[in-house]
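Enquirer: Turn these sequences into a full structure, and let the hints guide you.
Just so you know, the sequences run in chain order A and B.
Its first residue numbered 5, the first sequence is counted upward by one per residue in the working numbering.
Its first residue numbered 23, the second sequence is counted upward by one per residue in the working numbering.
Honestly, I wouldn't trust all of these hints.
For the chain B half of the interface with chain A, some residues (derived, Cβ under 7 Å), not all of them [unchecked claim]:
#	residue
1	Ser66
2	Asp67
3	Pro69
4	Phe74
5	Ile78
6	Cys85
7	Val118
8	Phe140
9	Leu147
10	Gly151
If you are wondering where the hints come from, they were derived from the structure by calculation, not from laboratory data.
We treat Cβ as the ideally placed atom computed from N, Cα and C, and that holds for glycine.
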Amino acid sequence: MGEPSALLHGFSAVLSLTHLLLMFTGILLGLVIGVLPGLGGASAMAIALPLTISLPPASAVILISCVYWGALFAGAIAAILRNAPREPWSVATTFDGHPLAQQGLGAKALAAAFTASFAGASFAAILLTLLGPAFASFAAGFGPPEFFAVYLLVFCGFVGLGQGSPSKAIASMMLGFALAVVGGDAATGQLRMTFGLATMARGFDFLVVAMGLFGIGGVLWAMGERPALRSKRARMTPRIVLQTWAEWPRYWATSLRGGLLGCALGIVPGGVTAASYMSYAIAQRLSVEGKKFGSGQMEGVVAPETAVHAAGASALLPVLALGVPTTTATAILVGGLLLWGVQPGPLIFVEQKDLVWGLVASAYLGNLAAFMLALTCLPLFAKLLRVPFAVFAPVVVVACAIGAYTVRHEIFDVWLMLGFGIVGYVLKKLDYPLTPLVLALILGDRVEASFRESMVLSQGSPLVFFSSGLSAALTALALTMLLWPLVAKVMRAREAAKAP
Amino acid sequence: MSGSPDASRGISTRRVEIATALGLFCIGALAVFDSLRLGAAWTSDGPPAGYFPFYIGSILCLCAGLRLLRARADEVSGPKRLTSTAGGRRVLRVLVASIVYVCVIELIGFYVASAIYFAVCLHGLGRRGRAASIGIGSAVMAAIFLLFEVGLAVPLYQGLWNPLGFLGY
Chain A
5 MGEPSALLHG
15 FSAVLSLTHL
25 LLMFTGILLG
35 LVIGVLPGLG
45 GASAMAIALP
55 LTISLPPASA
65 VILISCVYWG
75 ALFAGAIAAI
85 LRNAPREPWS
95 VATTFDGHPL
105 AQQGLGAKAL
115 AAAFTASFAG
125 ASFAAILLTL
135 LGPAFASFAA
145 GFGPPEFFAV
155 YLLVFCGFVG
165 LGQGSPSKAI
175 ASMMLGFALA
185 VVGGDAATGQ
195 LRMTFGLATM
205 ARGFDFLVVA
215 MGLFGIGGVL
225 WAMGERPALR
235 SKRARMTPRI
245 VLQTWAEWPR
255 YWATSLRGGL
265 LGCALGIVPG
275 GVTAASYMSY
285 AIAQRLSVEG
295 KKFGSGQMEG
305 VVAPETAVHA
315 AGASALLPVL
325 ALGVPTTTAT
335 AILVGGLLLW
345 GVQPGPLIFV
355 EQKDLVWGLV
365 ASAYLGNLAA
375 FMLALTCLPL
385 FAKLLRVPFA
395 VFAPVVVVAC
405 AIGAYTVRHE
415 IFDVWLMLGF
425 GIVGYVLKKL
435 DYPLTPLVLA
445 LILGDRVEAS
455 FRESMVLSQG
465 SPLVFFSSGL
475 SAALTALALT
485 MLLWPLVAKV
495 MRAREAAKAP
Chain B
23 MSGSPDASRG
33 ISTRRVEIAT
43 ALGLFCIGAL
53 AVFDSLRLGA
63 AWTSDGPPAG
73 YFPFYIGSIL
83 CLCAGLRLLR
93 ARADEVSGPK
103 RLTSTAGGRR
113 VLRVLVASIV
123 YVCVIELIGF
133 YVASAIYFAV
143 CLHGLGRRGR
153 AASIGIGSAV
163 MAAIFLLFEV
173 GLAVPLYQGL
183 WNPLGFLGY
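Expert: Structure below.
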């Protein structure tokens, strides 16, 4: 079955009544949770995952991916109307989006943001359709050293490309790996880090940890900060939408650049945020109105939003081709695949055609539906911004408690989830990045397996990671990224010393 | 991060940084300790069970040590206070309410405990009227029951004393 017919099959699967219902449920969940403070796409996906336990994998993936699309659209609403970005990649949208809302052009800014988002996601979905199978068939030839080198590159990427402290990023990922090794060792069958406790023998389930870190942690954060409830009003009318679309040809170059940049950066760790800032900066430099950026330029909204959605959708490429997530949301998607009994990796295109093409089709249809819902139900989501968070807090706590329980039907997991909520709150307040932690917890077993298999191949020599051209290049790039913050610091110190 | 007027008072970021670094160091040390018990050195059979966790624990100890040194030297970035006193109180209130909620789940199960938790939170934190809070709590309980017990066929914990036992569930 070629890609076009497989994609058509995916479309027909998504267009069934049950899947359409799941699609709209997912998008609504994503849009609602996505606008709430302290939460975001990852929290929305973690909260929705327990609902998929009794669903077939092909249906579950549609629900979860649509939560993701919905949450991505929700980011623009909070950023533009309230100047309160829910995710780091929405910050660039506030630069011109909020000034537009202050000038009474909030609805127009949102119409442009939603259109840009849809354009970016569609662009990346086309790329996913064309490149996904080719990437997967290329990755099918990878051995353990190549896989370990890819994992190393992803984790070192968080250190080299991350915005915060490198030691905090490394500590966060090591904590994730330490949690992943708790329980039975797959290779030897020995129990590790259980210290004789029976409850520890089963290890830490990623869903329990993710709901604690993002769900409860997010609630505690939002309650502590108590964000202001001031938000600009926006009344979306068909006239405003049509007017924005009529002006769209003016932004085609900005939108195309954002889409390309997003697709390229979406596959690397931290790439979504980088894409939003870079797209904004390039648009500012190339625009004839560049000097007016920051005071309410529509191009300043279109540029980051196209890039963010293109990056968000293209982040699915490494997941489908390699089984390697690079963002928190895609890490939760990988955790979901494992929960549904699907092994992510290059063979997924062969073994789980319905699931993969359903996911790709949902990237087209889910984004279209999210676009329409965001445009038509904007007043409802804008109203949510003015409701005190204390009203939503119990909903999230109850959803997380039920979710944690349904994983293994153990109340102990609910306590564990609460504990990770406190950990998540503290780490978030101290600027420890949570994505490497979750990624390490989910990928821990596979990283260890590829590391051990590689070392067995070489009888304990780490030079195995330089044995083939590909693994050598990936390992060298990974090590460069790991050392980059140190090199940059030395360079900055030298420049400062030279300066008079 | 905190924009509250009493942001000058509250929990010190530096202290929490130190406590977090110490906690991470302990986890790393536990990983190293357990790896040494299982065997962390290369053997003729290949890597033993403690081979990989040994490196993880060691790197975690190293990073935590670095964070500890930074925090002790007061090189903490960001605000001096982790949260204002009022913010800390709000966090604690939600946290205590959630802990009590899970204790109540243990006793009377998810459905009734969730209804009570909702009503109490809406009334206490959300400043909603008593009748509205009880009404919303009951509606949420019915929704959770219908979704999980009936719709998804995923039975939730009924507690040591099941108040909904008379329904046949």
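Enquirer: Taking the hints in turn, state whether each one holds.
Expert: Hint check results:
1. Ser66: violated (10 Å)
2. Asp67: Result: violated, 9 Å to nearest chain A Cβ.
3. Pro69: B/Pro69 check passes; min Cβ-Cβ to chain A is 5 Å, inside 7 Å.
4. Phe74: holds (5 Å)
5. Ile78: holds (4 Å)
6. Cys85: Holds - the Cβ of B/Cys85 comes within 7 Å of chain A, reaching about 4 Å at its closest.
7. Val118: violated (11 Å)
8. Phe140: holds (5 Å)
9. Leu147: This hint holds: B/Leu147 lies near chain A, its Cβ roughly 4 Å from the closest one there, short of 7 Å.
10. Gly151: violated (13 Å)
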